[in-house]
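Student: The residues making up each chain are set out below.
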Amino acid sequence: MRQVAAAIALICAAGQSPSAATLTERLAPCLACHGANGRSETTEVPSLGGQPAPYLLIQLYLFREKQRVAEIMNDMTLDFTDDDLRAFSDAIAKLPPPRPLADVPDAARMQSGQALIGQHRCNTCHNLDLTGRENIPRIADQREDYLVKTLREYKSNARHGYDGVMAEVLTPITDTQILDLAYYIARFR
Amino acid sequence: MIPCVTARRSMLLVGTIAGLLLAAPVFAQQPPASAPPAAPAAAPAPPPGSALIGRPEGNPAAAKLAPVAPPPLPAPPDKLPTAKLKLPPGFNIEVYASGIANARSLRIGDKGTVFVGTRVGNKVTAVVKKDGKTELKTVAAGLYRPNGLAYHDGTLYIAELSQISKIDDVEANLDNPPKPTVIYTDLPKDEAHGWKFIGIGPDNKLYIPVGQPGNNVLHDSDHGQIRRINLDGTGRETVALGVRNSVGFDWNPVNKQLYFSDNGRDWVSEDVPEDKLNRVTKLGEDFGVPYCYQGNLPDPEFGWGHSCSEFVPPILLTGPHSAGLGLRFYTGDMFPKKYKNAIFLARHGSWNRTNKFGGDILVVYLNKDGTVKSSEPFLTGFIENNNYIGRPVDVEIMRDGSMLVSDDFNGAVYRITYGKAASAGR
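The listed protein sequences derive, respectively, from chains A and B. All you need for our numbering is the position in the first sequence, starting with 1, plus 453. All you need for our numbering is the position in the second sequence, starting with 1, plus 15.
No wet-lab data here; the hints were simulated from the structure. Careful: at least some of the hints might be erroneous.
Below 30 Å or equal to it, Euclidean Cα-Cα: the simulated DSS-like pairs (lysine-lysine) are [said to hold, decoys possible]: (1) B:K138 with A:K602; (2) B:K126 with B:K355; (3) A:K608 with B:K204; (4) A:K519 with B:K94; (5) B:K152 with A:K519; (6) B:K297 with B:K194; (7) B:K144 with B:K194; (8) A:K519 with B:K204; (9) A:K547 with B:K94; (10) A:K519 with B:K138; (11) B:K352 with B:K388; (12) B:K181 with B:K220; (13) B:K271 with B:K353; (14) B:K181 with B:K194; (15) B:K181 with A:K519; (16) A:K519 with B:K194; (17) B:K220 with B:K271.
Please model the entire structure based on the sequences and the hints provided.
Tutor: Structure below.
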């Protein structure tokens, strides 16, 4: 919550003199939560490094239109013009990809996660190296808690995808499998 | 919530991503070819409904194919591809309206209002022309995949993913439209092929397709069909069975029969099955899915024990993965006589094919008995270097005989005229 408060303070700072705010200044509140080096250190807030610009644009659009619900993001994008959406997604896409977690992974869970990736063909759309492309997000080395949250949201239909594909994919996947998938993807090398 | 976030000035950095989206190869960010991760010993089938059912393992070309998502933002007017689009001699194309994100189904009201549905957005837009100016008005908002529209006796019908609603006397209330009244909710909630095209037949009934909930699945009695209901939501009847995903139909003005497009399954091969144009001559006919595709291809998975002769064959094959969507019979008087009562079919274009196919308007000429005489592309040019620069979704005939075409990739509606120079300019 402290980071959230800090972000709001930053937004306010940027909002006070919008005409003078450069893109870098306006990005500061985003990076306060999402991480300036592409890796988020904030609970359940995704790392944005290495995300394809078209995916970012779609998400920012969905936030602005409230078709994806996350109060802070809906507020942040409330007054964004279409050009803002494009400029922010282009700029954020330049952040470096996050590095895999440096811990010593549990071999059994890694194996389980890898098998699930193959079974459910995550790597057809997300790419063999899970880096994503175009409208399909990079998932490699994403925050584990965000992955768990997102997969659960897709499974429960709480998060409508841009096109419904993920809800379909999650239908037969159990919660235990979600945990293993997230564990593996967060440590993908 | 955060009141200090106030209106912001446009960014200094002029967004050029729309151009980028149009120009960039759809699969630009391919990883270097590397060995796929070791597949588990016995990979179970992907979930029912997955677009990936049937995807071949270990084929690098097939691994590059994934559905093409439209950009969420409409293209700016100066980025629209009309100058690159091709028509037969004597025809003109102009931009009728732009800035309508993900423009899909088109319907025209009695006073000339053009209504536009959307699949990834949440509102229905009305295009009003007044004193040479184009005005966009939101007719309904906060909807879920309001792809399908129908107009009848002053009432606009809106099909969301799993319900149908209506706005009476809609053209009199464009500036302050009432919330749509829900008339029908007896529909599955599947995302796969859940978005709808709707229409009202000469029998004054509302026709609603319910697609198969996936690429190739054995569906229950609530899916894989076109049904019809009375305009108050009662009296459900099955019109056609064995339908995979129809997102377009119309009635032949001569014989009053229903003609509908249907999209064939993915991942069999590059060139088969082809998509279909079908004709319903008897209520409840079965068109074969998922046992038989394109009238003569038993499905490799479900076709065993069946023969294609059990099912009604298509009247025309419309190309592999070409995604024939909206269609209309041409009932206007502006185009040359040979187009009278011909079918114009919008082919959205393929994704499950290495070389993109479709992405055009096909014209289909019929014989007197309602069978197909011939067909040929009418409006082309949407594919450039194997990338889409636009994707047609629906067509609609205006009272003056000109034709509208929606493009969900650019969020625009075009108008095709014959004979005289385009009037509205670009």
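Student: With reference to the structure, classify each hint as holding or not holding.
Tutor: We went through each hint and held it up to the structure:
At most 30 Å may separate the alpha-carbon atoms for a hinted pair to count; B:K138 and A:K602 meet this at roughly 28 Å. A distance of roughly 23 Å separates the Cα atoms of B:K126 and B:K355; the hinted pair therefore holds under the 30 Å criterion. Restraint check for A:K608 and B:K204: the C-alpha separation of about 14 Å stays at or below 30 Å, so the hint holds. Annotation: proposed proximity of A:K519 to B:K94 holds, straight-line Cα distance about 27 Å (limit 30 Å).
Distance check on the hinted pair: B:K152 and A:K519 sit about 19 Å apart at the alpha-carbon level, within 30 Å; holds. Of the pairs offered as hints, the one joining B:K297 and B:K194 is violated, with about 37 Å between alpha carbons and a cut-off of 30 Å exceeded. For the suggested pair B:K144 and B:K194, the alpha carbons sit about 23 Å apart, so the restraint of at most 30 Å is met. Between A:K519 and B:K204 the CA atoms are separated by roughly 20 Å; this keeps the pair inside 30 Å, and the hint holds.
This hinted pair checks out: A:K547 and B:K94 have alpha carbons roughly 25 Å apart, not beyond 30 Å. At roughly 12 Å between alpha-carbon atoms, A:K519 and B:K138 fall within 30 Å of each other, so this suggested pair holds. Under the criterion of a C-alpha separation no larger than 30 Å, the hint pairing B:K352 with B:K388 is consistent with the structure, at around 15 Å. This hinted pair checks out: B:K181 and B:K220 have alpha carbons roughly 14 Å apart, not beyond 30 Å.
Using a Cα cut-off of 30 Å, the hinted pair B:K271 and B:K353 holds, with the two alpha carbons roughly 20 Å apart. For the hint linking B:K181 to B:K194, the alpha-carbon distance of about 9 Å falls within 30 Å, and the restraint holds. A C-alpha spacing of about 23 Å is found between B:K181 and A:K519, which places the hinted pair at or below 30 Å, so the restraint holds. Distance hint between A:K519 and B:K194 is fulfilled; the C-alpha atoms sit about 19 Å from each other, no more than 30 Å.
A C-alpha spacing of about 13 Å is found between B:K220 and B:K271, which places the hinted pair at or below 30 Å, so the restraint holds.
Hint check: a violation occurs at hint 6 only; the rest are consistent with the structure.
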